[in-house]
Amino acid sequence: MKILVINCGSSSLKYQLINMETKHLIAKGLVDRIGLAGAVLTHSLTSGEDEVITADIPNHTAAIGLVLEALIDPKYGAVKELKEIAAVGHRVLHGAHKFSASVVVNDAVMEALYECIPLGPLHNPANIAGIEACQKLMPGTPNVAVFDTAFAQTMPDYAYVYGLPYEYYEKHHIRRYGFHGTSHKYISQRAPIVLGRPTEELKVIICHLGNGSSITAVKGGKCIETSMGLTPLAGLLMGTRCGDIDPAIVSKVMTIENLGVDQIDNFLNKKCGVLGVSGVSSDFRDLGAAAEQGNYRAQLALNMFTYYIQKYIGSYVAAMDGVDAIVFTAGIGENSSSIRAAICAKMNYLGVSLDEEKNKIRGQEIDIASADSRCRILVIPTNEELMIALDTVELTQ
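Quick note: the sequence shown uses full-length UniProt numbering, first residue 1, plus one each step.
Keep in mind that the hints are not guaranteed to be accurate.
What the hints assert, rightly or not - Straight-line Cα separation of at most 35 angstroms, DSBU-like style, residue types lysine-lysine; simulated pairs:
{"hint": "1", "residue 1": "Lys171", "residue 2": "Lys98"}
{"hint": "2", "residue 1": "Lys358", "residue 2": "Lys28"}
{"hint": "3", "residue 1": "Lys28", "residue 2": "Lys14"}
{"hint": "4", "residue 1": "Lys222", "residue 2": "Lys270"}
{"hint": "5", "residue 1": "Lys222", "residue 2": "Lys311"}
{"hint": "6", "residue 1": "Lys28", "residue 2": "Lys2"}
{"hint": "7", "residue 1": "Lys358", "residue 2": "Lys252"}
{"hint": "8", "residue 1": "Lys203", "residue 2": "Lys83"}
{"hint": "9", "residue 1": "Lys23", "residue 2": "Lys271"}
{"hint": "10", "residue 1": "Lys270", "residue 2": "Lys14"}
{"hint": "11", "residue 1": "Lys358", "residue 2": "Lys222"}
{"hint": "12", "residue 1": "Lys270", "residue 2": "Lys28"}
{"hint": "13", "residue 1": "Lys171", "residue 2": "Lys80"}
{"hint": "14", "residue 1": "Lys222", "residue 2": "Lys252"}
{"hint": "15", "residue 1": "Lys346", "residue 2": "Lys271"}
{"hint": "16", "residue 1": "Lys23", "residue 2": "Lys252"}
{"hint": "17", "residue 1": "Lys28", "residue 2": "Lys171"}
{"hint": "18", "residue 1": "Lys252", "residue 2": "Lys136"}
{"hint": "19", "residue 1": "Lys75", "residue 2": "Lys98"}
{"hint": "20", "residue 1": "Lys2", "residue 2": "Lys14"}
{"hint": "21", "residue 1": "Lys360", "residue 2": "Lys252"}
{"hint": "22", "residue 1": "Lys14", "residue 2": "Lys98"}
Keep in mind the hints are simulated off the structure, nothing from the lab.
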(Lines of atoms letter the chains of each structure in order from A and count residues from 1; the text may use other names and numbers.)
(Lines give C-alpha, C1' and ligand atoms only; values in the text may rest on other atoms or scores of the structure.)
Protein backbone atom coordinates (compact mmCIF):
# COMPACT_ATOMS: atom_id res chain seq x y z
CA MET A 1 0.00 0.00 0.00
CA LYS A 2 1.53 3.30 -1.11
CA ILE A 3 0.59 6.58 0.59
CA LEU A 4 1.43 10.04 -0.74
CA VAL A 5 2.03 12.62 2.01
CA ILE A 6 1.57 16.28 1.07
CA ASN A 7 2.66 19.32 3.10
CA CYS A 8 1.71 22.59 1.41
CA GLY A 9 3.16 25.92 2.48
CA SER A 10 2.19 29.31 1.11
CA SER A 11 4.76 29.11 -1.71
CA SER A 12 6.16 25.60 -1.34
CA LEU A 13 5.09 21.97 -1.32
CA LYS A 14 6.91 19.03 0.27
CA TYR A 15 5.92 15.46 -0.45
CA GLN A 16 6.85 11.86 0.32
CA LEU A 17 5.67 8.60 -1.18
CA ILE A 18 5.84 5.82 1.41
CA ASN A 19 5.45 2.06 1.07
CA MET A 20 3.36 1.27 4.14
CA GLU A 21 4.03 -2.47 4.00
CA THR A 22 7.72 -1.86 4.72
CA LYS A 23 7.45 1.72 6.13
CA HIS A 24 10.17 2.66 3.63
CA LEU A 25 10.39 5.93 1.72
CA ILE A 26 10.07 5.48 -2.05
CA ALA A 27 10.38 9.07 -3.25
CA LYS A 28 10.31 12.59 -1.91
CA GLY A 29 10.59 16.11 -3.18
CA LEU A 30 10.11 19.83 -2.81
CA VAL A 31 8.34 22.32 -5.04
CA ASP A 32 9.67 25.79 -4.26
CA ARG A 33 8.60 29.32 -5.26
CA ILE A 34 5.02 28.44 -6.21
CA GLY A 35 3.45 31.50 -7.87
CA LEU A 36 6.84 33.17 -8.21
CA ALA A 37 9.52 33.43 -10.86
CA GLY A 38 12.09 30.65 -10.85
CA ALA A 39 9.77 27.93 -9.56
CA VAL A 40 11.44 24.53 -9.33
CA LEU A 41 10.68 20.92 -8.37
CA THR A 42 13.46 18.85 -6.83
CA HIS A 43 12.40 15.20 -7.03
CA SER A 44 14.39 12.46 -5.29
CA LEU A 45 14.26 8.67 -5.37
CA THR A 46 15.91 6.80 -2.51
CA SER A 47 17.95 4.86 -5.07
CA GLY A 48 19.18 7.70 -7.28
CA GLU A 49 20.16 11.30 -7.77
CA ASP A 50 17.90 14.33 -7.58
CA GLU A 51 15.93 15.34 -10.64
CA VAL A 52 15.53 19.14 -10.85
CA ILE A 53 12.63 20.40 -12.94
CA THR A 54 12.03 24.08 -13.64
CA ALA A 55 8.59 25.13 -14.81
CA ASP A 56 5.93 27.80 -14.60
CA ILE A 57 4.06 26.86 -11.41
CA PRO A 58 1.38 29.52 -10.84
CA ASN A 59 -0.55 27.75 -8.06
CA HIS A 60 -0.80 24.62 -5.93
CA THR A 61 -2.89 22.77 -8.51
CA ALA A 62 -0.06 23.16 -11.00
CA ALA A 63 2.44 22.11 -8.31
CA ILE A 64 0.50 18.94 -7.48
CA GLY A 65 0.19 18.20 -11.21
CA LEU A 66 3.96 18.50 -11.63
CA VAL A 67 4.56 16.21 -8.64
CA LEU A 68 2.19 13.56 -10.00
CA GLU A 69 3.88 13.71 -13.40
CA ALA A 70 7.25 13.22 -11.73
CA LEU A 71 5.98 10.23 -9.75
CA ILE A 72 4.90 8.37 -12.90
CA ASP A 73 7.68 9.54 -15.23
CA PRO A 74 9.21 6.53 -17.07
CA LYS A 75 12.76 7.73 -16.36
CA TYR A 76 12.72 8.90 -12.75
CA GLY A 77 9.23 8.04 -11.52
CA ALA A 78 8.36 5.88 -8.51
CA VAL A 79 5.13 4.20 -9.73
CA LYS A 80 3.82 3.13 -13.13
CA GLU A 81 0.40 4.71 -12.65
CA LEU A 82 -1.34 6.90 -10.09
CA LYS A 83 -3.76 4.09 -9.23
CA GLU A 84 -0.91 2.55 -7.24
CA ILE A 85 -1.29 5.40 -4.73
CA ALA A 86 -3.98 4.22 -2.32
CA ALA A 87 -4.59 7.54 -0.55
CA VAL A 88 -3.16 10.99 0.11
CA GLY A 89 -2.45 12.35 3.60
CA HIS A 90 -2.31 16.13 4.02
CA ARG A 91 -0.74 18.12 6.82
CA VAL A 92 -3.20 20.81 7.91
CA LEU A 93 -1.97 23.43 10.36
CA HIS A 94 -5.11 24.45 12.25
CA GLY A 95 -8.16 22.35 12.99
CA ALA A 96 -9.33 24.69 15.78
CA HIS A 97 -11.92 23.14 18.11
CA LYS A 98 -13.52 21.25 15.23
CA PHE A 99 -11.03 18.39 14.89
CA SER A 100 -9.50 16.32 17.65
CA ALA A 101 -8.22 13.63 15.26
CA SER A 102 -7.38 13.05 11.62
CA VAL A 103 -10.34 12.72 9.25
CA VAL A 104 -11.18 11.51 5.77
CA VAL A 105 -11.96 14.61 3.70
CA ASN A 106 -15.54 15.12 2.53
CA ASP A 107 -17.68 18.18 1.78
CA ALA A 108 -18.44 18.82 5.46
CA VAL A 109 -14.75 18.62 6.36
CA MET A 110 -13.85 21.06 3.58
CA GLU A 111 -16.46 23.51 4.84
CA ALA A 112 -15.00 23.27 8.34
CA LEU A 113 -11.46 23.78 7.01
CA TYR A 114 -12.51 27.03 5.38
CA GLU A 115 -14.04 28.13 8.70
CA CYS A 116 -10.64 27.54 10.38
CA ILE A 117 -8.79 29.92 8.04
CA PRO A 118 -8.99 32.94 10.41
CA LEU A 119 -6.97 30.95 12.99
CA GLY A 120 -4.38 29.83 10.43
CA PRO A 121 -4.40 32.54 7.76
CA LEU A 122 -0.85 31.87 6.53
CA HIS A 123 -1.01 28.08 6.31
CA ASN A 124 -4.60 26.81 6.08
CA PRO A 125 -5.36 28.30 2.63
CA ALA A 126 -2.32 26.50 1.19
CA ASN A 127 -3.28 23.27 2.95
CA ILE A 128 -6.79 23.53 1.49
CA ALA A 129 -5.39 24.26 -1.97
CA GLY A 130 -3.32 21.06 -1.80
CA ILE A 131 -6.36 18.97 -0.89
CA GLU A 132 -8.49 20.51 -3.63
CA ALA A 133 -5.73 19.97 -6.19
CA CYS A 134 -5.51 16.26 -5.31
CA GLN A 135 -9.29 15.93 -5.46
CA LYS A 136 -9.21 17.41 -8.96
CA LEU A 137 -6.22 15.52 -10.33
CA MET A 138 -6.74 12.19 -8.51
CA PRO A 139 -10.53 11.69 -8.56
CA GLY A 140 -11.64 8.76 -6.46
CA THR A 141 -8.46 8.66 -4.37
CA PRO A 142 -9.21 9.23 -0.66
CA ASN A 143 -7.72 12.32 1.00
CA VAL A 144 -7.05 12.50 4.74
CA ALA A 145 -6.50 15.71 6.72
CA VAL A 146 -4.00 15.38 9.58
CA PHE A 147 -4.02 18.37 11.93
CA ASP A 148 -1.09 19.96 13.76
CA THR A 149 -3.51 20.96 16.51
CA ALA A 150 -5.28 17.62 17.02
CA PHE A 151 -2.91 15.94 19.50
CA ALA A 152 -3.27 18.72 22.07
CA GLN A 153 -7.07 18.52 22.12
CA THR A 154 -6.87 16.25 25.18
CA MET A 155 -5.68 19.14 27.38
CA PRO A 156 -7.98 19.94 30.32
CA ASP A 157 -9.95 23.18 30.13
CA TYR A 158 -7.89 24.88 32.83
CA ALA A 159 -4.81 24.36 30.65
CA TYR A 160 -6.21 25.74 27.38
CA VAL A 161 -8.54 28.59 28.41
CA TYR A 162 -6.88 32.02 28.53
CA GLY A 163 -7.41 34.65 31.22
CA LEU A 164 -9.78 36.64 28.98
CA PRO A 165 -13.53 37.14 29.28
CA TYR A 166 -14.98 33.66 28.78
CA GLU A 167 -17.17 34.92 25.97
CA TYR A 168 -14.07 35.25 23.76
CA TYR A 169 -13.60 31.50 24.05
CA GLU A 170 -17.28 30.75 23.50
CA LYS A 171 -17.82 33.12 20.57
CA HIS A 172 -14.42 33.27 18.90
CA HIS A 173 -12.75 30.04 20.09
CA ILE A 174 -9.72 31.91 21.43
CA ARG A 175 -7.82 29.30 23.44
CA ARG A 176 -4.53 27.40 23.49
CA TYR A 177 -4.40 24.82 20.70
CA GLY A 178 -0.77 23.79 20.42
CA PHE A 179 1.13 22.77 17.29
CA HIS A 180 3.71 20.23 16.08
CA GLY A 181 1.03 17.73 17.10
CA THR A 182 1.97 15.15 14.48
CA SER A 183 5.56 15.12 15.73
CA HIS A 184 4.53 14.97 19.39
CA LYS A 185 2.09 12.13 18.62
CA TYR A 186 4.78 10.13 16.83
CA ILE A 187 7.26 10.58 19.69
CA SER A 188 4.61 9.75 22.30
CA GLN A 189 4.14 6.39 20.56
CA ARG A 190 7.85 5.67 20.12
CA ALA A 191 9.01 6.59 23.65
CA PRO A 192 7.24 3.68 25.42
CA ILE A 193 8.79 1.28 22.89
CA VAL A 194 12.28 2.67 23.51
CA LEU A 195 11.75 2.55 27.27
CA GLY A 196 10.10 -0.88 27.20
CA ARG A 197 7.25 0.30 29.42
CA PRO A 198 3.45 0.58 29.00
CA THR A 199 2.23 3.89 27.62
CA GLU A 200 -0.43 4.18 30.32
CA GLU A 201 2.09 4.44 33.16
CA LEU A 202 4.47 6.96 31.60
CA LYS A 203 4.93 10.69 32.16
CA VAL A 204 6.96 12.09 29.27
CA ILE A 205 8.09 15.60 28.31
CA ILE A 206 8.74 15.99 24.58
CA CYS A 207 11.06 18.78 23.43
CA HIS A 208 10.54 19.40 19.69
CA LEU A 209 13.43 21.78 19.07
CA GLY A 210 14.10 23.36 15.69
CA ASN A 211 13.69 26.74 14.05
CA GLY A 212 10.17 26.43 15.43
CA SER A 213 10.11 24.78 18.85
CA SER A 214 7.50 23.46 21.26
CA ILE A 215 7.36 21.37 24.42
CA THR A 216 4.54 19.01 25.35
CA ALA A 217 3.70 17.14 28.54
CA VAL A 218 2.28 13.68 27.79
CA LYS A 219 0.72 11.62 30.58
CA GLY A 220 -0.52 8.13 29.79
CA GLY A 221 -0.12 8.82 26.08
CA LYS A 222 -2.27 11.96 26.15
CA CYS A 223 -1.24 15.60 25.93
CA ILE A 224 -2.06 17.54 29.08
CA GLU A 225 -0.08 20.73 28.36
CA THR A 226 1.85 22.30 25.50
CA SER A 227 3.87 25.47 25.00
CA MET A 228 2.40 26.90 21.79
CA GLY A 229 -0.96 28.62 22.01
CA LEU A 230 -3.64 30.06 19.76
CA THR A 231 -0.86 30.35 17.18
CA PRO A 232 2.68 28.93 16.88
CA LEU A 233 4.04 32.27 18.15
CA ALA A 234 3.69 31.40 21.84
CA GLY A 235 6.02 29.47 24.11
CA LEU A 236 9.76 29.13 23.62
CA LEU A 237 12.13 31.66 22.11
CA MET A 238 12.55 30.30 18.56
CA GLY A 239 14.50 31.00 15.38
CA THR A 240 12.55 34.11 14.41
CA ARG A 241 9.51 33.97 16.74
CA CYS A 242 9.53 35.87 20.01
CA GLY A 243 7.81 33.23 22.14
CA ASP A 244 6.21 34.30 25.43
CA ILE A 245 6.33 38.07 26.00
CA ASP A 246 4.39 40.66 28.00
CA PRO A 247 1.29 41.39 25.83
CA ALA A 248 1.75 45.11 26.46
CA ILE A 249 4.96 44.96 24.42
CA VAL A 250 2.87 44.55 21.25
CA SER A 251 1.08 47.90 21.52
CA LYS A 252 4.30 49.54 22.76
CA VAL A 253 6.30 48.43 19.69
CA MET A 254 3.42 49.34 17.37
CA THR A 255 3.45 52.86 18.78
CA ILE A 256 7.24 53.28 18.79
CA GLU A 257 7.73 51.92 15.26
CA ASN A 258 4.40 53.12 13.83
CA LEU A 259 3.44 49.60 12.78
CA GLY A 260 0.07 48.30 11.59
CA VAL A 261 -1.50 44.97 12.52
CA ASP A 262 0.04 43.00 9.64
CA GLN A 263 3.42 44.63 10.24
CA ILE A 264 3.54 43.78 13.95
CA ASP A 265 2.48 40.20 13.15
CA ASN A 266 5.32 39.91 10.65
CA PHE A 267 7.73 41.49 13.15
CA LEU A 268 6.90 39.07 15.98
CA ASN A 269 6.98 36.01 13.71
CA LYS A 270 9.94 36.75 11.45
CA LYS A 271 12.26 39.31 13.06
CA CYS A 272 12.43 38.29 16.71
CA GLY A 273 13.58 35.13 18.49
CA VAL A 274 17.27 34.24 18.48
CA LEU A 275 17.65 36.19 15.21
CA GLY A 276 16.48 39.39 16.88
CA VAL A 277 18.47 38.85 20.07
CA SER A 278 21.72 37.83 18.38
CA GLY A 279 21.60 39.97 15.26
CA VAL A 280 23.51 37.09 13.67
CA SER A 281 21.18 34.39 12.41
CA SER A 282 18.11 32.24 13.12
CA ASP A 283 20.27 29.16 12.47
CA PHE A 284 21.57 27.72 15.73
CA ARG A 285 24.70 26.41 14.01
CA ASP A 286 25.61 29.98 13.09
CA LEU A 287 24.91 31.09 16.66
CA GLY A 288 27.18 28.39 18.05
CA ALA A 289 30.01 29.42 15.75
CA ALA A 290 29.56 33.10 16.60
CA ALA A 291 29.42 32.36 20.34
CA GLU A 292 32.71 30.43 20.08
CA GLN A 293 34.24 33.59 18.53
CA GLY A 294 33.17 35.57 21.59
CA ASN A 295 29.95 37.13 20.23
CA TYR A 296 28.06 38.15 23.38
CA ARG A 297 24.63 38.45 21.76
CA ALA A 298 24.91 35.05 20.09
CA GLN A 299 25.79 33.47 23.43
CA LEU A 300 22.94 35.38 25.09
CA ALA A 301 20.47 34.01 22.53
CA LEU A 302 21.67 30.46 23.19
CA ASN A 303 21.48 30.98 26.96
CA MET A 304 17.94 32.33 26.66
CA PHE A 305 16.88 29.38 24.51
CA THR A 306 18.13 26.78 27.00
CA TYR A 307 16.75 28.78 29.95
CA TYR A 308 13.25 28.91 28.44
CA ILE A 309 13.35 25.14 27.90
CA GLN A 310 14.53 24.47 31.46
CA LYS A 311 11.66 26.56 32.85
CA TYR A 312 9.09 24.77 30.72
CA ILE A 313 10.41 21.35 31.70
CA GLY A 314 10.23 22.31 35.38
CA SER A 315 6.66 23.54 35.06
CA TYR A 316 5.60 20.39 33.21
CA VAL A 317 7.13 18.17 35.88
CA ALA A 318 4.85 20.03 38.28
CA ALA A 319 1.84 19.70 35.95
CA MET A 320 2.26 15.91 35.77
CA ASP A 321 3.50 15.46 39.35
CA GLY A 322 6.67 13.83 38.09
CA VAL A 323 8.40 12.71 34.91
CA ASP A 324 9.80 9.40 33.69
CA ALA A 325 11.54 10.58 30.53
CA ILE A 326 12.48 13.73 28.65
CA VAL A 327 12.70 13.33 24.87
CA PHE A 328 14.65 15.52 22.45
CA THR A 329 13.56 15.56 18.82
CA ALA A 330 13.55 17.65 15.59
CA GLY A 331 16.60 19.31 14.01
CA ILE A 332 18.21 20.81 17.12
CA GLY A 333 16.95 18.21 19.58
CA GLU A 334 18.26 15.32 17.48
CA ASN A 335 21.61 16.80 16.46
CA SER A 336 22.91 19.34 18.99
CA SER A 337 24.71 17.54 21.80
CA SER A 338 25.86 20.87 23.27
CA ILE A 339 22.33 22.24 23.61
CA ARG A 340 21.06 18.96 25.08
CA ALA A 341 23.90 19.03 27.61
CA ALA A 342 23.25 22.68 28.48
CA ILE A 343 19.55 21.98 29.08
CA CYS A 344 20.22 18.93 31.24
CA ALA A 345 22.89 20.72 33.29
CA LYS A 346 20.21 22.20 35.57
CA MET A 347 18.18 19.05 36.12
CA ASN A 348 19.89 17.77 39.22
CA TYR A 349 16.56 18.02 41.04
CA LEU A 350 15.29 15.29 38.70
CA GLY A 351 18.33 13.11 39.24
CA VAL A 352 19.36 13.54 35.61
CA SER A 353 22.80 12.26 34.66
CA LEU A 354 23.98 12.22 31.04
CA ASP A 355 26.29 9.67 29.48
CA GLU A 356 28.70 12.06 27.74
CA GLU A 357 29.72 9.56 25.05
CA LYS A 358 26.15 8.62 24.16
CA ASN A 359 25.20 12.30 24.05
CA LYS A 360 27.70 12.82 21.21
CA ILE A 361 25.59 10.60 18.93
CA ARG A 362 23.54 12.54 16.38
CA GLY A 363 20.18 11.75 14.81
CA GLN A 364 19.74 8.25 16.25
CA GLU A 365 17.14 6.73 18.54
CA ILE A 366 19.01 6.37 21.82
CA ASP A 367 18.81 6.77 25.61
CA ILE A 368 21.62 9.21 26.43
CA ALA A 369 21.18 9.10 30.21
CA SER A 370 23.71 7.28 32.32
CA ALA A 371 22.72 3.99 33.94
CA ASP A 372 22.13 5.61 37.35
CA SER A 373 20.02 8.54 36.09
CA ARG A 374 16.60 8.60 37.81
CA CYS A 375 15.00 10.24 34.76
CA ARG A 376 15.66 8.82 31.31
CA ILE A 377 16.82 11.21 28.57
CA LEU A 378 15.95 10.04 25.06
CA VAL A 379 16.81 11.22 21.57
CA ILE A 380 14.16 10.08 19.08
CA PRO A 381 14.23 11.36 15.49
CA THR A 382 10.75 12.51 14.57
CA ASN A 383 8.92 11.28 11.49
CA GLU A 384 5.86 13.44 10.89
CA GLU A 385 5.39 12.12 7.35
CA LEU A 386 5.22 8.53 8.56
CA MET A 387 2.74 9.55 11.27
CA ILE A 388 0.55 11.23 8.64
CA ALA A 389 0.79 8.10 6.49
CA LEU A 390 -0.10 5.83 9.42
CA ASP A 391 -3.21 7.89 10.19
CA THR A 392 -4.12 7.86 6.50
CA VAL A 393 -3.86 4.08 6.29
CA GLU A 394 -5.89 3.61 9.46
CA LEU A 395 -8.73 5.81 8.21
CA THR A 396 -8.86 4.62 4.61
CA GLN A 397 -8.48 0.86 5.08
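Structure-based check of all given hints:
1. Lys171 <-> Lys98: Holds: Lys171 and Lys98 sit about 14 angstroms apart, inside 35 angstroms.
2. Lys358 <-> Lys28: Holds, at roughly 31 angstroms.
3. Lys28 <-> Lys14: holds (8 angstroms)
4. Lys222 <-> Lys270: With Cα atoms ~31 angstroms apart, Lys222 and Lys270 stay inside 35 angstroms; holds.
5. Lys222 <-> Lys311: Distance ~21 angstroms between Lys222 and Lys311 Cα, so the pair holds.
6. Lys28 <-> Lys2: holds (13 angstroms)
7. Lys358 <-> Lys252: Cα-Cα ~46 angstroms, so violated.
8. Lys203 <-> Lys83: Violated, at about 43 angstroms.
9. Lys23 <-> Lys271: violated (39 angstroms)
10. Lys270 <-> Lys14: holds (21 angstroms)
11. Lys358 <-> Lys222: holds (29 angstroms)
12. Lys270 <-> Lys28: Holds, because 28 angstroms separates the two Cα atoms, which is no more than 35 angstroms.
13. Lys171 <-> Lys80: violated (50 angstroms)
14. Lys222 <-> Lys252: The hint is violated at about 38 angstroms.
15. Lys346 <-> Lys271: Holds, because 29 angstroms separates the two Cα atoms, which is no more than 35 angstroms.
16. Lys23 <-> Lys252: violated (51 angstroms)
17. Lys28 <-> Lys171: violated (41 angstroms)
18. Lys252 <-> Lys136: The given pair, whose Cα atoms are some 47 angstroms apart, is violated under the 35 angstroms limit.
19. Lys75 <-> Lys98: violated (43 angstroms)
20. Lys2 <-> Lys14: holds (17 angstroms)
21. Lys360 <-> Lys252: violated (44 angstroms)
22. Lys14 <-> Lys98: Judged against 35 angstroms, a Cα distance of about 25 angstroms means the pair holds.
When each numbered hint is compared with the structure, violations occur for hints 7, 8, 9, 13, 14, 16, 17, 18, 19 and 21.
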